[in-house]
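> Going down the list, the sequences are from chains H and D.
Here the first sequence is numbered in the numbering used here, starting from 18 and rising by one per residue.
Here the second sequence is numbered in the numbering used here, starting from 9 and rising by one per residue.
Certain hints may be false.
Using 20 Å as the maximum straight-line C-alpha spacing, the simulated SDA-like pairs for lysine to any residue come out as follows [to be verified]:
no., chain 1, residue 1, chain 2, residue 2
1, H, K258, H, E236
2, H, K204, D, S477
3, H, K191, H, G78
4, H, K191, H, R27
5, D, K392, D, G482
6, H, K191, H, E302
7, H, K204, D, G134
8, H, K204, D, D239
9, H, K204, H, D369
10, H, K204, H, A83
11, H, K204, D, R469
12, H, K204, H, T85
13, H, K204, H, E289
14, H, K191, H, E225
15, H, K258, H, G78
16, H, K191, D, R77
17, H, K191, D, A527
18, D, K392, D, S477
19, D, K392, D, E474
20, H, K204, H, T154
21, H, K204, D, P130
Worth flagging that the hints you see were computed from the coordinates, not collected in a lab.
Note that the coordinates shown come from a computational prediction; the quantities given were computed from them, not determined experimentally.
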Amino acid sequence: MNDIDAQLGRIRGDVPPLAHNARSIAALTSNPGCARRAIMDAAGIDKPRLASYIGFPAPFGQSQFAITRGNAFEAQVKANGCAELLRLLREQLGLPIPEVSYDDLEEVGGQRSQLVRHTRTRSLLTRAVRAGGDAGTLFDHPLLRLEVGGRPVYLEPDLIAFQLGGRFHVVEIKSFAVIDGQADGDKVAAAAIQSAVYVLAMRDLLAELGTGPEAVADEVVLVCPENFSNRPVATLLDVRKQLTVLRRQLSRLARIDSLVGLQPPGLTFDLELDQAGAPHRAAAELADDVHAVPARYAPECLASCEMCFFCRDEASGLTAALGRAVADDLGAVHSVQMALGLADGTITPADDQAEAAALLREAARLRRECLGATA
Amino acid sequence: MTTLTSLARAQAVATGMAQPVCTRRHVHLSDRPLVLVPLALAGEANAPLAALVGDDPQAGRLLVVSQPRNRDRRFAFAADLARIVVSYVEGYYSSVQTVPGGRGQEDRIRFADAPQLLVPNPACIGFVRMLGRSTRFRRPSGEYAVDPAVPVLGRWLSYFAERAEHPGSCLLLAATDAVALHWASGQSSVEDLNLATLMGWIDPPAGMTGAAAAAAGEDPVTWPPAGPATDPTFDNEVLAQLIAACDRPDDDARARQRAEAALQAALMTQVAPTWRLIWRAIGLLRGLPEASRVAARWDADKDSFTSYADWLRDDGPPQARRDAAVAAARRLSWLERSQASYAAQRALDDPLVMAEYRLAGEAFAGTVTAAEPGRLDSSGRRRKLRPLITVVTEDSLRMDAGATLVSPSRPSQQARVVSMAVVPPPPGPAAAAGQGSAGLVSAPPLRRTEVVLELSGGMGRALWAEPGSVPEPGERLCYTTLTDSYQPASSFPDREHTPWTHGGPPPEYVPADEDASEAWS
Chain H
18 MNDIDAQLGR IRGDVPPLAH NARSIAALTS NPGCARRAIM DAAGIDKPRL
68 ASYIGFPAPF GQSQFAITRG NAFEAQVKAN GCAELLRLLR EQLGLPIPEV
118 SYDDLEEVGG QRSQLVRHTR TRSLLTRAVR AGGDAGTLFD HPLLRLEVGG
168 RPVYLEPDLI AFQLGGRFHV VEIKSFAVID GQADGDKVAA AAIQSAVYVL
218 AMRDLLAELG TGPEAVADEV VLVCPENFSN RPVATLLDVR KQLTVLRRQL
268 SRLARIDSLV GLQPPGLTFD LELDQAGAPH RAAAELADDV HAVPARYAPE
318 CLASCEMCFF CRDEASGLTA ALGRAVADDL GAVHSVQMAL GLADGTITPA
368 DDQAEAAALL REAARLRREC LGATA
Chain D
9 MTTLTSLARA QAVATGMAQP VCTRRHVHLS DRPLVLVPLA LAGEANAPLA
59 ALVGDDPQAG RLLVVSQPRN RDRRFAFAAD LARIVVSYVE GYYSSVQTVP
109 GGRGQEDRIR FADAPQLLVP NPACIGFVRM LGRSTRFRRP SGEYAVDPAV
159 PVLGRWLSYF AERAEHPGSC LLLAATDAVA LHWASGQSSV EDLNLATLMG
209 WIDPPAGMTG AAAAAAGEDP VTWPPAGPAT DPTFDNEVLA QLIAACDRPD
259 DDARARQRAE AALQAALMTQ VAPTWRLIWR AIGLLRGLPE ASRVAARWDA
309 DKDSFTSYAD WLRDDGPPQA RRDAAVAAAR RLSWLERSQA SYAAQRALDD
359 PLVMAEYRLA GEAFAGTVTA AEPGRLDSSG RRRKLRPLIT VVTEDSLRMD
409 AGATLVSPSR PSQQARVVSM AVVPPPPGPA AAAGQGSAGL VSAPPLRRTE
459 VVLELSGGMG RALWAEPGSV PEPGERLCYT TLTDSYQPAS SFPDREHTPW
509 THGGPPPEYV PADEDASEAW S
């Protein structure tokens with residue numbers, strides 16, 4: 018493990034690793050076949066900064082209106098010791114909740130250090146597990162920890178863990194609306210996988226205490242505004258599938274050494290600053306190192322990965338850049354020039370291209386026939 | 009997506025210009041469409057921020073909500089938009105046409121034309137749906153009274169958004185969908201959702217390749233997002249201050265006016281480029297000749313529009329929040345059938361679309377080499393006219409003997425496949441002539457197939473074929489297994505007999521007071 022840590026450290030250079038949060042861990046599950054992304058995430062590379070520095074800034078901004086709304090909604094649900102949340106759990110999910118106690122773990126005795134907070138979270142959860150019984154407890158901002166790529170990662174604490182009858186439920190508060198019982202599918206999917214990260218982290222923690230995974234429910238409670246109002250509504254979300262995906266992806270990151278072993282020995286994405294405050298390595302040199310690690314670009318990356326514009330530029334002229342449908346259609350034909358050459362018969366197909374080539378020649382003949390000489 | 013469109017995308021990359029995937033226009037375009045470019049405030053559930061709307065490219069009307077979180081301002085916006093949209097829609101009430109009833113049915117009356125709404129992209133159709141949902145239950149009287157036009161707007165927008173899911177309907181169109189249906193760009197279909205880059209590929213400014221214009225189209229400063237989402241940088245650096253300025257206590261009316269004017273000007277910069285793009289897209293599409301089945305689909309839109317107008321006139325309640333089980337199943341089945349029929353219609357109308365089916369072996373085009381126009385089938389009790397023709401094609405076939413085919417150019421005549429046989433290529437240099445430009449290496453000679461077809465129908469009632477009703481040798485024809493003929497609906501139980509697996513009979517929907525006063529904050 019030390020060896021791989023050292024290698025990842027060298028790749029990252031002399032800067033601290035980027036902290037993961039539930040969102041970044043959830044993002045690991047999209048495009049799992051991309052080695053470039055796997056290595057950058059395992060090494061904790063600051064991808065937004067790297068992408069900007071090499072000339073392809075990420076297209077993800079967040080509007081302050083969205084942030085304000087999200088914070089206001091969360092504050093509303095959590096106000097007065099989560100009074101609103103308790104009402105939802107009782108009325109909408111029919112949970113027989115007696116009096117509950119509420120523990121905010123955002124700071125411990127005025128301290129916000131991660132280690133202190135995690136220790137406190139552990140001891141409180143331990144006590145809750147041991148006590149069992151009917152007492153309901155809400156834990157706000159528990160600081161959880163998860164192994165990602167062989168390294169413990171503290172999770173940004175924007176969740177509530179709720180314990181009832183010896184079982185924990187993760188509560189995720191999101192500000193997208195549920196309208197007439199339906200919400201935006203992409204947003205629900207993102208929320209589900211993020212909640213799954215918390216479920217996994219809580220299970221890990223409880224496992225250390227000798228408690229089985231059943232102590233954390235597979236169903237998370239999603240709290241969103243209802244219709245066009247600010248009134249919250251709670252929904253149960255089954256995240257078993259997301260848990261499987263996540264576990265698989267995390268175990269893959271744990272085996273990152275085999276992937277790192279394939280890379281050039283001197284590889285580094287070091288963004289360390291010199292005295293003038295600029296990275297000491299030239300952007301072109303860094304870009305060369307990024308190119309050296311193979312990526313698997315697909316247009317879907319544009320929605321989730323900070324490196325997307327760089328990879329798209331690199332993939333221009335490849336059929337993959339035109340989308341999965343085109344790439345699947347053309348099978349073993351990876352470049353546009355190759356596709357056109359096979360279509361007009363100027364390139365002889367390799368064995369695995371024969372089928373695609375025959376279709377391409379036929380397609381070219383049909384397009385010529387229908388469009389005249391112009392096509 | 010088929011190899012044909014994939015090849016077109018590859019050609020677009022290589023040439024730097026979008027390539028046609030249709031030779032006809034398959035969408036109806038109104039002479040006077042109503043274009044709507046909406047913007048919503050980030051983070052909120054459908055909080056309108058601005059809209060540029062109108063039926064005249066030179067005179068779009070900008071509506072702005074100067075405080076998007078203020079309920080009264082939102083309803084003022086909805087009322088303004090309602091006056092424009094509802095008067096546009098009701099303008100089509102003025103002229104009717106008579107549809108002759110066939111097969112013992114009576115003639116009926118419908119509106120002679122129907123309104124058409126155009127928005128930039130599918131997300132804006134979602135905005136229209138949500139705006140419809142948030143306004144259709146409102147009431148002009150009672151506790152939270154709104155302008156009487158607002159609930160009418162809500163019902164029309166809900167109607168348009170629902171109709172937009174019907175394959176081939178053109179009452180509400182997203183410009184990106186309409187354009188991408190006809191051209192393959194050199195980018196992915198995910199990126200085709202960006203109207204600026206898509207139009208860049210198809211119609212770049214002079215002296216620029218499509219690829220370069222598309223790259224330029226990604227700069228949110230010159231080409232702001234086409235809505236309803238705004239550019240986050242614009243939100244943070246421009247919009248936030250301007251909205252805050254409008255929100256100050258109005259002790260100084262002049263300062264307030266200035267602030268609102270500044271906000272309007274800023275929002276105009278965000279919607280005007282998209283407005284121009286949509287009108288350019290309309291111009292491009294108008295340049296294509298209309299496919300022959302477009303008019304019939306538009307007639308169906310007119311029928312639908314007429315019946316919803318009747319429903320509103322008869323004080324029918326607004327669309328329910330959710331479909332009941334049976335209605336939802338029936339609707340889904342209908343959508344699936346019309347999807348298949350819409351695809352078939354486009355292929356029958358357009359040789360380049362048909363080429364996709366030829367590539368898949370579901371259609372072929374070839375030349376008639378022999379015909380027996382007078383052949384009679386005397387195997388049954390009555391003799392029947394069943395001419396045989398032989399067609400030679402270079403397309404590869406994936407159909408069985410016995411399959412029933414139809415030719416787009418002879419829709420009333422069926423052809424049954426009698427036999428198929430591979431024939432040797434014609435001798436001499438003619439073999440290479442069919443393969444495009446000379447000098448190519450390694451292109452193997454095309455496989456030719458001889459298909460014998462037995463024809464029925466479309467030849468008159470006698471035992472001899474009317475002149476011209478049987479294809480003659482030398483004629484080039486296309487035959488396909490596709491059909492756009494009527495498909496009977498599956499049967500579904502009545503509403504009262506909804507099975508218990510689907511919740512049993514649903515309660516009748518009655519609009520409730522609380523629907524009308526629902527929060528919109």
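> What hint numbers does the structure not satisfy?
As far as the earlier hints go, 2, 4, 5, 6, 9, 11, 13, 14, 15, 20 are violated by this structure, in ascending order.
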